[in-house]
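One-letter residues, chain by chain:
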Amino acid sequence: LRELDEFVLRRSDFSLDEEQKLLRDTFRTFLRDRCPAERVRAAEPHGWDPELWTALAGLRAVPMGIPIDQGGDGAGLVDLALACEEIGRHAAPAPVIESIVAARTLARITDPVAETALANLLDGGVATVALNEPGPDGRTLTPAGSIAGLIIGRRDGDLVAVAPDRLAPVENLAHAPLAWCDLSTGRTIASGIEAAHLLDTARREWRLLTAAALVGLGAAALRHGVQYAKDRIAFGVPIGTFQAIAHPLVDATIGIDSARRLTWKACWFADHEPTNLAALPEMAFLHASEAAEAAGLTALHTQGGFGFTVESDVQLFYRRAKGWSLHGGGDRRRLLQAIGETWLASADTARATT
Amino acid sequence: MNFGTIELDDDTLAFWKECRAFFTEHVTEEVHDEERRTGGGFNLDLHLAMGERGWVAPRWPTEHGGAGLDALRAQIIDLERVRSEAPSILATTTLLPPIAIRKFGSPQLQQEILPGVADGTVRICLGYTEPDCGSDLAAVRTRAVRDGDEWVITGQKMFTTGAQFSQYCFCLTRTNPDVAKHKGLTVFLVPLGLPKIEITPIETLGGERTNFVHFDDARIPDHYRLGEVDDGWAVVSAPLAQEHQMKDGDADRPASIDHYNVATRRALDAVTNWLASQQRSDGTTAQDDPGAIEALARIALGVEVCDVTPGAMRRIVSAETLVRAASDLLDIVGPAGSLAHGATGSIADSAAEYAFRFAPGTTIYGGSTEVQRNLIAEHLLGLPRSTPRG
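Sequence lines, in order, name chains A and B. Counting in my numbering, the first sequence runs from 1 upward without gaps. Counting in my numbering, the second sequence runs from 1 upward without gaps.
Keep in mind the hints are simulated off the structure, nothing from the lab. Among these hints, one or two may not hold up.
[Claimed, not checked] Residues of chain B clear of chain A, computed beta-carbon distances all greater than 12 Å:
1) 32
2) 61
3) 112
4) 165
5) 294
6) 307
7) 312
8) 366
9) 381
[What the hints assert, rightly or not] Here are a few chain B residues that face chain A, going by a calculated C-beta distance under 7 Å:
10) 1
11) 109
12) 197
No residue lacks a Cβ here, since even glycine has one placed at the ideal position from N, Cα and C.
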């Protein structure tokens, strides 16, 4: 409404171009073949499949998002989100988001250590960013921390990098390769305003790509739920005939479809009009977190008792939906505060200009 | 994928400014006051002024009385109409029956009706729902019995919004009670000025007035029949498909405007601005209250989610977001939020109070959210049909 007042109209075009469709289909086909549910289970509890990671390097999953003049393919966040949705759809035990965000952060730093680290990542190395608040002993619970050759994160006001000796994995809800990471020995690679800005950007990109992955997780869970509703017979009919089964599946689908589009829109603004981004990344992340969890729960419940067994693939997606959201800083209340503050600030600006 | 601004040439921009000036001129405070008082959803002067410019049917070719505008300009009219909060309940319903009239009406009937629709002198309300049938539309009972060159119509239509301002009712009737329910229906364009047709008001919680239309052996010339006898389902399906908006917007245009989401946004804006003006005795404002910020954030998120939700699903999301938002906004403003517009001490334009009363209807009319969920379950998810075929 505010833009209308100023005679501004925006497109609302969610279509993918041919290259984007090809990118999505390439990742989808590859992961469908290479990362079936047995493979996901085999990589549990630590969520790490080195062979899959090596194969993914062939798709340039990490170099894709690095500028061309730094050895990458120059892809933006929209393209990366398409790839990450497929990572989620197949619950791939590979630190793609972590390494993409770390690599993009390193690519923004002019420092010999960062350059060497980036070269290593483009070569198939694993890295991550420690974005969570440190625990009481000063260590930070870090996604992909147990498998990363390089961890970057905040120490006081600085951005530091450590090359840890294989950290001990800690078992968790999402069967993710989490580890407690000590950044105190890290080497400073950026400081002051630059460091703060790099961390903000890293957090935003982590959330955007995680939102895409969450959409994939939710969509996969839903596919199982919908199929079960068609196949399972109760009272003489497929249970999907009952609105009490069908309507929650519809609601979960609406959640996932809208989360996908909100994530794309947020990625598009981050790529093309970062000054008009507002709280879109926080919105996309929060909505995708809630939609993926709801999709998982709905699918699980649709399968009834079977859905609650570990034999059902739905639990693979359900546990990761909550876990990946938490690991990316998905604290609902904090996200809402950020969204609300951005909203109030934009309303103040609008009042000041009228 | 593209969410960038649409470059508007000078002509289009001038057209847009002309639209804004037009609605500013015609949608006055008196028009709003009248609407709050009567809830009619219609203003004759505005409608005729739009008709004079071809803006009632902006996309129809000029030889049919329209303005022959492209999709973008037609959308600009729509945006400005919504922005001005013009009462316009008939703006959309009037344009639905002509889809069927063009397809099924005789050349004489088309000539009789369509130019008047375009210039604003003819308005058409929708005679679908009855006291005993809404979502199950094919169950209508209003009877039409042939008598020579005429039909005798007996029964009642309900929620016939805008009937008091309409010349015709696009009326679904039962002509054969002995066959499957979809197969015994016939559509008439009933002239509401004929004898033995009575319109009586129904007041709604949202303040909108709607109607009963009673047919007490009303006699209608066969000339007003649309389509073949007993083939009425095909006739109503054409405009119904449009009313359900199963299609998505096209790429080079802004997303179509969603009225319910606009209502949410208006109430959110009103409360946000009111909050900013409130200073407490300790010097803080309500903006410093984390609970209020969270609640506002939820609603702002809901508005954004609704904006990106694809067509068939958006109808559900926008209605249910409005329902939740209205209640939450009332909680934020507190007891004075419940005061009616213009009442002593009323605050925030009473926008949340209005939204709260208006909201429940949005989950029902134009096809209830349950019916919409059935459609999505069946057509998008491929689940078995839940409602019996008959």
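Here is how each hint holds up against the structure:
no. : hint : verdict
1   : 32   : 17 Å, holds
2   : 61   : 24 Å, holds
3   : 112  : 38 Å, holds
4   : 165  : 28 Å, holds
5   : 294  : 4 Å, violated
6   : 307  : 8 Å, violated
7   : 312  : 9 Å, violated
8   : 366  : 18 Å, holds
9   : 381  : 5 Å, violated
10  : 1    : 6 Å, holds
11  : 109  : 38 Å, violated
12  : 197  : 37 Å, violated
This entry does not satisfy hints 5, 6, 7, 9, 11, 12, going by the numbered hints stated previously.
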